[in-house]
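Q: Same order as they appear, the protein sequences are chains A and B.
Going by this note's numbering, 1011 is the number at position 77 of the first sequence; the sequence numbering is gapless.
Going by this note's numbering, 173 is the number at position 170 of the second sequence; the sequence numbering is gapless.
Please keep in mind that the hints were generated in silico from the structure rather than gathered at the bench.
Fair warning: there could be bad hints in the mix.
In silico lysine to aspartate or glutamate, EDC-like type, Cα no more than 16 Å apart, as pairs [what the hints assert, rightly or not]:
1) B:Lys105 / A:Asp953
2) B:Lys110 / A:Glu1029
3) B:Lys351 / B:Glu237
4) A:Lys1021 / B:Glu269
5) A:Lys974 / A:Asp944
6) B:Lys108 / A:Asp953
7) B:Lys108 / A:Glu1029
8) B:Lys267 / A:Glu1007
9) B:Lys358 / B:Glu222
10) B:Lys241 / B:Glu269
Reference listing, derived: stretches of chain A covered by chain B, where coverage requires no fewer than 3 residues with Cβ under 8 Å from a Cβ of chain B [said to hold, decoys possible]:
11) 948-960
12) 967-973
13) 997-1011
Idealized CB from N, CA, C, for every residue including glycine.
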Amino acid sequence: MAGCSCKDKDVNIVCRCEDITIEEVRAYIDKGITDLEQLKRLLRVGMGPCQGRTCTPVIVREIAAATGKPVGEVPLTAFRPPTAPVKLGVLARGEEDD
Amino acid sequence: MRHTEICIVGGGPAGLTAALRAAALGAAVLLIDRNDYLGGQLIKQTHRFFGSKQQRASERGINIARELAYAVQEEEKITVLTEATALGYYKDGVVLVEQNEKIIKIKPKKLIVATGGAEKTLLFPNNDLPGVYGAGAVQTLVNVYGVKPGKRVLMVGAGNIGVIVSYQLLQAGVEVAGIVEAAPRIGAYWVHASKVVRAGVPIYTSHTIKRAWGESEVEGATIVQLDENWQPIEGTEKDFDVDVICLSVGLSPLTELLWQAGCKMEFVPELGGRVPVRNENLETSVPGIYVAGDVSGIEEASAAMMEGALAGLNAARALGYNAPDLLQRKAEILKELEGLRSGPVGEKIRTGLAKVTC
């Protein structure tokens, strides 16, 4: 819509859970931080409810483009349980006796 | 701790078929699914399948889901846990599950992972505006809950899902302004694509979405043409007045449990991302862990059902169950799968599978 009166926010979200934009990710990559594990700790990408199912493939492609590494050789982060959000109380109660 | 012969994670087309085939040989099966229903993505597939009769041609996914779910519930050897989410796999072979805020530990002799896939997303300015949906989500809204996502939709992606969901939106009385496809040709079968084309929906190949517009929700979108290097060509922008942007840009396999189990994984773009290396029995590099359906590579429901059947038979066989015609059953399924993956349409899948099947 050329001449659209609406505000052009230009928000380009890569991690929907944690509201992180691709520009924020690229800024770190430009500083030389091309390790997904480090990006995760610095930006919280992939640490929300979906556990990186949405953002990881996109960020891995960015890292691959920046480093020249093939996408398949960009290391992912560790896949630790739990794979889905679970209340601490539920875990703490443990398994009920049969 | 619950012990079972075979635990199957995921009650979609692959998991249900695996359960039925394994149980038919005599194996005790524990099937878990995180939803409160069985059938997975089949329950929203209101279109008819096509292909051969064995591939359930002319049946609708929703009816196949009902039939499989009914058969699974009737089968004495199968125990079903719904609203049960697999939280993790541990080195001692235990699957941790949460059901109704209770923890269950399952120790199976064999594990079949049939967790399916998740929708991929796309980067473009304002992609967080309300009105930007995944195509799968839109299909659930419309076909399962009877809710229209909006009045006028721009579909991004002309694979089978994008094209089928576009047609189902038209059936629901929602306008489809156009379908955008970055590749020079559509990925969908023509049997589906020709329906939307006949209905007057334009398909823009070699185009992508450039941006969404809107203050607090989607009010429009701009698309742009791509050159042969997938770069946008300035001056080719087109604007659309739409209140929904629907992303149908592929799926990625839901492989967390396999990573936790230490299965060898390979990046295979043709199969949607990193997928497990498997042998022809669909067993991963970790003995006793099998895969079937989209988790092993994004394909179709028909292929998922056949892989499920194979994984179910093989897991039961590895436990010592047998039948006089077992090898014949396996050979029939393999032949059907080969047929399904034959020709130019199956080329991508064949290339992908060749990289991870040992």
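Q: Hints first: check each against the structure and report whether it holds.
A: Taking the hints in turn, this is what the structure says about them:
1. The hinted pair formed by Lys105 (chain B) and Asp953 (chain A) fails the criterion: a straight-line CA distance of about 31 Å is larger than 16 Å.
2. Between Lys110 (chain B) and Glu1029 (chain A) the CA atoms are separated by roughly 13 Å; this keeps the pair inside 16 Å, and the hint holds.
3. Distance hint between Lys351 (chain B) and Glu237 (chain B) is unfulfilled; the C-alpha atoms sit about 31 Å from each other, more than 16 Å.
4. Distance restraint check for Lys1021 (chain A) and Glu269 (chain B): the Cα-Cα separation of roughly 33 Å exceeds the 16 Å cut-off, and the hinted pair is therefore not satisfied.
5. Between the alpha carbons of Lys974 (chain A) and Asp944 (chain A) the distance comes to roughly 23 Å, so the proposed pair goes past 16 Å and is violated.
6. Using a Cα cut-off of 16 Å, the hinted pair Lys108 (chain B) and Asp953 (chain A) is violated, with the two alpha carbons roughly 34 Å apart.
7. About 7 Å separates the Cα atoms of Lys108 (chain B) and Glu1029 (chain A), which keeps this hinted pair within 16 Å; it holds.
8. Restraint check for Lys267 (chain B) and Glu1007 (chain A): the C-alpha separation of about 14 Å stays at or below 16 Å, so the hint holds.
9. Distance restraint check for Lys358 (chain B) and Glu222 (chain B): the Cα-Cα separation of roughly 44 Å exceeds the 16 Å cut-off, and the hinted pair is therefore not satisfied.
10. Only pairs whose Cα atoms come within 16 Å are accepted, and Lys241 (chain B) paired with Glu269 (chain B) is rejected, the gap being roughly 39 Å.
11. Coverage of a stretch by a chain is defined here by at least three residues with a beta carbon nearer than 8 Å to that chain's beta carbons; for the region 948-960 of chain A and chain B the count is 4, and the condition holds.
12. Only residues whose C-beta sits within less than 8 Å of a C-beta in chain B count toward coverage, and the region 967-973 of chain A has 0 of them, not enough to reach three; the restraint is violated.
13. Coverage of the region 997-1011 of chain A by chain B holds [criterion: at least 3 residues with CB-CB distance below 8 Å; count 5].
In the structure shown, a violation is registered for the earlier hints numbered 1, 3, 4, 5, 6, 9, 10, 12, in ascending order.
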